[in-house]
Amino acid sequence: MTPILELRGITKSFPGVLANDHINLSLNQGEILALLGENGAGKSTLMNILYGLYQPDEGEILINGEKVVINSPTDAIKHGIGMVHQHFMLIPVFTVTENVMLGDEAVKQAGFLDRPRAAKRILDISNKYNLAVDPDSYVRDLPVGVQQRVEIIKLLYRDAEILIFDEPTAVLTPQEADELFLIMRTLVQQGKSIIFITHKLREVLAIADRIMVIRRGTVVGETLPENSDKNTLASMMVGREVNLVVDKRACHPGEVICEVQNMVVADKFQNIVVDDVSFEIRAGEILGLAGVQGNGQTELVEALTGLQHMVSGKVTLMGEDASKFSPRQITELGSAHVPEDRQADGLVLPFTVAENLVLCSYYKQPYAKGIVLQYNHILQNAEKLIKDFDIRTPSAMTSVGSLSGGNQQKVIIARELSRPIQFLVASQPTRGLDVGSIEYIHKRIVEKRDEGCAILLVSPELDEIMELSDRIAVMYRGQLIATVENKGISKEYIGLLMAGVVPETPIEPAADHVIEATF
Amino acid sequence: MNQKIEEKPELGKEILKELNHEPAEGEHHKKSLWSSISIPLLAILTGLLVGAVLIAVTSTTVYAAFGESIGKGLLTALREIGTAYKALFTGALGDPVRIINALKLGDAKEIRSALNPALESLVQSTPYIFTGLAVAVGFRSGLFNIGVEGQLFMGAAAATYVGYAVTGLPAYIHMPLALLAGAAGGALWGFIPGLLKAKTGGHEVINTIMMNWIAFRLTEWLLSGPMTRPGSGGMPISPLIQKTAEIPQFFQSPIRFHLGFFIALATAWLIWWLLFKTTWGLNLRTVGTNPRAAKYAGLSTTKSILVAMSISGALAGLAGANQILAVNRSMALGLSSGYGYDSIALALIGNNHPVGIVLSSLLFGTLRNGATRMMVVSSIPIDIVDVIQAIILMFVAAPAIIRAIYHIKKPKKEDETVFLSGWGGK
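Protein chains in written order, with the numbering used here: chain A, 20 to 538; chain B, 2 to 427.
It cannot be assumed that every hint is accurate.
[Unchecked claim] Label pairs and their computed distance ranges (CB to CB):
hint: 1; chain 1: A; residue 1: S32; chain 2: B; residue 2: I101; range: 53 to 59 Å
hint: 2; chain 1: A; residue 1: I291; chain 2: B; residue 2: V356; range: 50 to 56 Å
hint: 3; chain 1: A; residue 1: D155; chain 2: B; residue 2: I207; range: 43 to 49 Å
hint: 4; chain 1: B; residue 1: V206; chain 2: A; residue 2: I110; range: 28 to 34 Å
hint: 5; chain 1: B; residue 1: Y342; chain 2: A; residue 2: P413; range: 37 to 43 Å
hint: 6; chain 1: A; residue 1: I390; chain 2: B; residue 2: P97; range: 56 to 62 Å
hint: 7; chain 1: A; residue 1: P413; chain 2: B; residue 2: A119; range: 41 to 47 Å
hint: 8; chain 1: B; residue 1: I207; chain 2: A; residue 2: A363; range: 25 to 31 Å
[What the hints assert, rightly or not] With the C-beta cut set under 10 Å, the calculated list includes, among others, these residues of chain B facing chain A:
hint: 9; residue: L275
hint: 10; residue: T287
hint: 11; residue: N291
hint: 12; residue: K296
hint: 13; residue: Y297
hint: 14; residue: L300
Hints are computed from structural coordinates only; laboratory data are not their basis. These numbers were taken from a predicted model, which means no experiment stands behind them. The beta-carbon is built from N, C-alpha and C at its ideal position, and this holds for glycine as well.
Go ahead and model the full structure; you've got the sequences and the hints to work with.
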């Protein structure tokens with residue numbers, strides 16, 4: 020049987036980097052092919068070539084055995100290739116119908132829009148593929164999972180045969196992810212073909228028919244889910260043995276380091292986004308703050324670190340009332356903050372690694388005498404941290420912006436963890452990082468806990484929360500709807516809480532349930 | 002894979018991004034030396050070519066010659082262009098023949114006057130150095146100070162007042178005092194829009210432009226009222242400053258080369274040191290490059306804006322004070338020929354780096370000096386000189402145009418190498 024899509028010898032290089040090196044790929048009709056690889060392995064480049072955003076330096080693309088040239092996304096659509104992007108390309112104030120028909124509008128005579136006709140087609144598609152959605156509702160009112168369905172409908176409306184899903188579960192709750200997998204199954208049963216890009220091993224094993232692993236721009240292996248497990252896949256991805264479970268000793272909580280009482284925070288439109296939240300964290304304990312992104316975690320962290328004012332409430336850190344403290348005062352109390360968005364908040368990208376490593380302490384001895392910076396000390400500090408934290412950089416004077424995401428994150432981790440701290444706020448510390456980096460950062464965080472540091476870990480990745488936390492607090496629409504000991508609870512239980520459902524009794528995990536790493 | 006974040010190019014930000022980090026040990030510097038010089042050189046060349054066409058098509062003599070025959074017309078055109086550009090060159094740098102002869106003769110006086118055009122170019126460059134630094138300090142701190150012109154006027158007024166009204170001080174106190182007064186006047190005029198921005202969020206671009214108009218009218222009123230020269234008949238001109246307040250000129254008139262040029266160089270060094278070697282500088286640059294990270298790191302944006310606008314204003318004020326104390330010796334309204342505005346382009350050409358600013362100031366000053374001579378010697382009307390100057394500056398200021406014309410690729414920075422994977426992925 021001719022594969023519906025075949026890539027032969029695709030090669031693409033960027034200055035200094037060979038992103039794709041003679042990649043061969045074939046996709047059969049009615050199959051889900053998982054493309055697994057770390058960030059920067061070349062998955063996205065390959066898909067962007069297929070989607071017409073890049074031109075390959077070498078190699079050819081065949082659809083149904085015929086050679087094609089794809090110069091733009093429009094070309095790709097014409098050839099039946101559609102992509103569901105990680106970040107949705109929807110217009111919130113338009114209805115589902117309007118969003119779907121945008122760019123391919125159904126028109127009546129004289130150019131008037133024919134909404135009913137488009138809506139009918141959308142309903143047909145949604146029935147056929149089990150994609151429940153109301154064509155007349157506004158996109159802004161829809162939950163994220165449903166918005167993603169709209170994205171899929173957009174492609175089916177344009178008769179896409181090959182669907183590319185780019186990290187589609189990043190924005191979903193575990194339940195929504197499971198629903199998406201059902202939809203993907205339905206799609207292939209109806210004859211569509213899917214390429215599924217991810218770096219999460221669990222998902223690959225759950226949904227893929229065939230798995231292709233890419234590392235450093237080359238295909239390092241192909242396998243079937245039934246012949247592999249997480250460890251083999253992780254090793255293939257990283258190129259060495261990976262320890263997926265962090266060794267964690269039992270937790271011995273000490274005195275209360277951080278106490279938050281009735282915190283209320285409003286966003287810039289005066290909407291209450293953190294609503295009467297109270298919790299405490301003790302020394303030597305990790306409190307995991309779970310929740311789907313956008314449920315107030317960001318604002319909670321900002322208020323806790325002094326970046327945003329509270330409307331009301333009290334924060335006590337290391338025994339001091341820090342409710343009105345500035346970020347610097349909070350830092351000087353002995354707290355550290357790994358910010359959610361490393362490039363926007365945590366680093367000054369054009370500055371050197373050395374400068375970024377003293378971003379929070381440059382004004383103090385020995386880095387400054389009076390107002391004069393002591394560059395020899397700043398450089399010494401950098402050399403030491405580069406070694407201790409294994410930051411891969413050509414030199415301490417390289418600008419941070421030119422490092423890979425993982426190494427940028429390591430600069431922040433090094434800066435924050437190398438100070439004598441009692442309290443750490445780690446907000447999505449492994450966002451967008453590869454397996455090796457995640458393993459490393461998790462290890463460092465647990466080490467810090469064992470040294471007696473109180474840690475607030477904020478992450479939308481349930482696996483990460485489950486693995487690292489001693490206690491788990493779940494945030495939903497600005498409120499802490501539950502705080503539980505991380506003992507004998509199941510992922511499904513937390514997943515339901517994340518969706519705002521409070522189950523009557525904690526769902527007992529299956530006997531062989533093992534807490535899994537964030538892959 | 003290219004992991005660089007994709008930023009929408011935004012005027013100031015884009016430039017800041019390009020050179021906000023200090024080249025390490027000068028090695029980056031050497032590497033890019035040619036590329037940083039070749040663009041301005043090509044820009045001047047292109048500007049001159051376009052200017053040549055302009056000279057030819059606007060000259061009535063050339064049209065008359067074309068009326069007789071095409072050959073004669075072309076010849077006349079070439080001659081006109083030749084005269085004009087010879088004047089530009091000798092006006093800016095001096096007549097080489099005359100300089101060589103003077104050196105042969107060994108007559109000190111003759112050497113000085115042969116070199117005067119070059120020295121005059123340095124005189125013309127001096128205010129640009131100050132104003133260029135003023136704009137650069139703003140840019141580095143994330144602020145677009147368009148109010149340099151107004152700050153210059155306020156600085157000049159303050160320096161003039163201290164210059165003529167304070168008496169009985171020895172020169173080594175009076176002159177620095179007058180300069181400081183100039184810096185303070187400019188600093189105040191920069192501080193006000195800074196305060197508005199820090200406290201109310203009022204945009205500095207709008208407020209500095211408005212402050213310019215206030216400064217122009219305020220100084221006009223001062224010069225025709227409280228600070229007017231007795232017996233000037235209401236003309237807006239100040240009294241002459243005291244001898245003790247003068248910044249000394251090194252040679253006799255008409256050579257105006259003065260100590261202010263070296264004060265400007267010293268100031269450039271000071272600003273370099275401040276920006277790159279002190280906590281204040283790191284503070285300003287952090288706020289200027291990434292305000293969110295600055296906030297995260299516990300820096301005060303408010304303080305940074307106030308400090309940056311004050312320093313920027315002080316530098317602009319020094320430009321005005323320097324012109325008064327060293328060159329004009331009294332204040333009139335024709336004090337500045339748009340230094341404050343030209344310096345925006347100038348700071349950008351100089352990559353907001355003190356060294357680059359000194360170099361581009363020399364270029365601006367030299368061109369301006371030569372253009373004056375060109376106007377005197379050839380029959381080209383002053384407006385055309387202005388246009389040619391503008392064209393050259395435009396090409397210099399917008400390297401993208403030059404790169405496009407000559408198909409020069411953007412220099413690839415050495416440190417743009419991207420590392421493939423994280424650290425586990427050996």
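Q. Is 50 to 56 Å right for how far apart the beta carbons of I291 of chain A and V356 of chain B are?
A. At roughly 52 Å between Cβ atoms, V356 of chain B and I291 of chain A fall inside 50 to 56 Å, so the hint holds.
Q | Restraint satisfaction for T287 of chain B [CB to CB of chain A, less than 10 Å] | A | Hint on T287 of chain B: holds, closest Cβ of chain A at ~6 Å, below 10 Å.
Q: May I ask you to test the hint 25 to 31 Å on the CB atoms belonging to I207 of chain B and A363 of chain A?
A: The hinted range 25 to 31 Å holds for I207 of chain B and A363 of chain A, with Cβ atoms some 27 Å apart.
Q.
Can you verify the interface hint for K296 of chain B: is its Cβ closer than 10 Å to any Cβ in chain A?
A. 6 Å, holds
(Q) Within 43 to 49 Å: is that where the Cβ-Cβ distance between D155 of chain A and I207 of chain B falls? (A) 44 Å, holds
Q: Return the status of the interface hint for L300 of chain B: holds when the least beta-carbon distance to chain A is below 10 Å, violated otherwise.
A: 8 Å, holds
(Q) Does the closest beta carbon of chain A sit nearer than 10 Å to the beta carbon of L275 of chain B? (A) Since the shortest Cβ distance to chain A is 9 Å, the answer is holds.
Q.
Given the hint of 28 to 34 Å, is the C-beta distance from V206 of chain B to I110 of chain A inside that range or not?
A. 32 Å, holds
(Q) Under 10 Å is the threshold here; is the Cβ of Y297 of chain B close enough to any Cβ of chain A for the hint to stand? (A) Result: holds, 5 Å to nearest chain A Cβ.
Q: With 37 to 43 Å as the target window, see if Y342 of chain B and P413 of chain A comply at their CB atoms.
A: 41 Å, holds
Q. Do S32 of chain A and I101 of chain B keep their Cβ atoms within the hinted range of 53 to 59 Å?
A. 55 Å, holds
Q: Note whether the CB distance of P413 of chain A and A119 of chain B lies within 41 to 47 Å or breaks it.
A: 43 Å, holds
Hint compliance for this structure: hint 6 alone is broken.
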